[in-house]
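> Letter by letter, the chains look like this.
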Amino acid sequence: DVKVTQSSRYLVKRTGEKVFLECVQDMDHENMFWYRQDPGLGLRLIYFSYDVKMKEKGDIPEGYSVSREKKERFSLILESASTNQTSMYLCASSFMDRRNYGYTFGSGTRLTVV
Amino acid sequence: KQEVTQIPAALSVPEGENLVLNCSFTDSAIYNLQWFRQDPGKGLTSLLLIQSSQREQTSGRLNASLDKSSGRSTLYIAASQPGDSATYLCAVIGETSGSRLTFGEGTQLTVNP
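Line by line, the protein sequences are chains D and C. Under my numbering, the first sequence has 111 at position 111, and the numbering climbs by one with no breaks. Take the position in the second sequence, starting the count at 1, then add 1000; the result is the number in my numbering.
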């Protein structure tokens, strides 16, 4: 069964910590995405990548960075965690062929910053 | 800018009822539309993908239709069960949006035993 795997289901971090959220896919997808989901705000795109070492800013990149050193792995980095980054983080991947294929999402990481 | 709207925002039905969830989008230039299910505190599970050239897709008790020209999609759930209780999201990939998905706000479905 094809999968997008997020390394942690729940994380609790302290304000100011550097936080790494990891995502791995086994479908040989070119595209990978990081979203955050908040009540009343829906899903918002943080960053995406369409190839190794390539990245594009989404709608809310401030306070985040990403790394894609290998095709199957896409990391989201919170350089200095703040309480307003408490959220559900969702990773997704897809083929470059947008016409014929959809997205696959991971199970999410619930991050709490205290 | 593409906007996706889902109606109703919440729906509560008795078990066994057939139901329809609605999704509308403002820009009909899309590659495909995808329906997802999300259980509380979990990620998104893909239910159905409809390519822009297709009119409908079926999977078990689920049937999704697409009317691209009018900017509408429906998700039909037959013989609903309590296990169908979840939030249902539709999302589109536009022809000019790169690989970005544009999501609706979702419909929260409760099926009562």
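Where hints are given, some of them may not hold.
[To be verified] As a list, the in silico DSSO-like pairs of lysine-lysine whose alpha-carbon atoms are at most 30 Å apart: (1) C/K1042 - D/K53; (2) D/K53 - D/K70; (3) D/K13 - D/K53; (4) D/K70 - D/K18; (5) C/K1042 - D/K55; (6) D/K13 - D/K70; (7) D/K53 - C/K1068; (8) C/K1001 - C/K1042; (9) D/K13 - D/K3; (10) D/K13 - C/K1042; (11) C/K1068 - D/K18; (12) D/K18 - D/K57; (13) C/K1001 - D/K55; (14) C/K1042 - D/K71; (15) C/K1001 - D/K18; (16) D/K3 - D/K71; (17) D/K70 - C/K1042; (18) D/K3 - D/K55; (19) D/K71 - C/K1068; (20) D/K57 - D/K13; (21) C/K1042 - D/K57; (22) D/K13 - C/K1001.
In case anyone wonders, no lab produced these hints; they're calculated from the structure. It should be emphasised that the depicted structure is a prediction, and the values quoted were computed from it without experimental measurement.
> Go through the numbered hints given earlier and state which of them the structure violates, listing their numbers in rising order.
7, 11, 15, 19 and 22
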